[in-house]
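**Q** Respectively, the protein sequence lines represent chains A and B. Sequential numbering of the first sequence, starting at 1, is according to the working numbering. Sequential numbering of the second sequence, starting at 1, is according to the working numbering.
Any given hint could turn out to be false.
Stretch-level coverage of chain B by chain A, calculated; a stretch enters the list once three of its residues show a Cβ under 8 angstroms from a Cβ in chain A [stated by the list, open to error]:
hint	segment
1	18-29
2	36-44
3	55-66
4	154-164
These are computed hints drawn from the structure, not numbers from a lab. Backbone N, C-alpha and C define an ideal beta-carbon position, used for all residues, glycine too.
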Amino acid sequence: MNSFNHPQTDRDEFEHDNELRQHLINVEVSSELIGRWKSAIRSATLPAASLPAAFVPESTIVPEKNSATDVVVTRGSTSPRFPFSRRTAFLALAASVLICVIGAWNLWPAASLASLENALVAWCEESELTSSKGFQSTEKPASLEIAHVLSQLRVGSLSEGQFTDSSNRVEWKIVRIQSGSRIGFLCSAKVKGIDHLPGMLALPSEQKSGVWKVAHCKSDSHLVVFVHQGELSKWLQPHA
Amino acid sequence: MSHDPRAEVAEWVDQYGRLLFAYAYRWTGSRADAEDVVQSVFVRAVAHYSKVQEADSVRAYLLTMTRHEAIRVIKGQSKGKELLAQAEELAKHEGEEFARPPQDPLEAMERSDWIAKALQQLGDTHRNILLLYYFEELGYKEIAEQLGMPIGTVMSRLSRAKESLKELLTIHSSTPSLQGNPAL
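Same shape as in the complex, but just chain A (with noise of 0.2 angstroms):
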């Protein structure tokens, strides 16, 4: 019998308390989850006063730019990915974006897929400016199971999945749109690992001549990839 049903003293109510907090605490952690938190730590970016003196990352991110809307990241093992601060001031630009667009969102009496379209694309071409940053995947699985649920999308349509990339279990849905010769993807990608941000799911390992024209805005887990329709039809092409 459960012992809060007649709490009488003083020591009652302190034991009733502990109780009360085991409940609370006891959630089940797996030891694989804590392996995954330790290897995020491992790859985690030091405090620059922790670096070794000896310490040269072999390469930082730098991408290259074709032209004001192509966007080309190249990643080195050691690089430091997404210091925070940008990443923090990039959110924040982000999250204001967004605040306005589902704020425009909310005046519109009918929500319609152009209505979506249009706010997708202003939220993205605005966010473009400060986000022409992202990671390839080197991680062919992932590139190729994603290429393959776009390639079955038609406009409207949503679909969604899981997969395992590394040790990273990735969570997605997708919902294909389209708005003039764009093709946009609103992705809601729950990635396990700090290492898999936005382009993973934009970007293919394979495409490094910076063809791509891709813009994605992260705000938290949400993130929304555009690409040219042209070029969606090479991504969807078999990787050489």
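Dock chain B against chain A, hints included.
**A** Structure of chain B alone, referenced to chain A:
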């Protein structure tokens, strides 16, 4: 030189990981979000290692970081989810069928967690007070400062929140169909 903060933070994972996860989970109500929150906290702990280490209590510092991160996630989700919900609604109107993936056992566990449901039922204020009290072990005054309310209000609401949770616990323990929560 070469003390690597990552080694120490990895030890904190062993020491506090479960507690932080529970705390994040109670705030967000989602195991997936809690996993991300805790990971983010530990990664930030590496970046701000000296600050965390110099704190009076590493445990308390990490718990506070967890709370802030969890609240940030909750706020961010409410915006993003709204947008995604709109898109999903549109997708349905298009008449497309989509197959849902097999149910995740963790999600099933989450759904059966009556404590999480009970916290939801308590409402934000009561829940916040309970979490600050039980996890961060803050006193009335500190909770009052955190939440910007009078101490008397904190005391009465904490008392009420505890009573509500106790009632729910009693109901739960006397209802066979509700027992066997795998999260406990």
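**Q** What are the numbers of the hints the structure violates, in ascending order?
**A** Per hint list: 3 and 4 violated.
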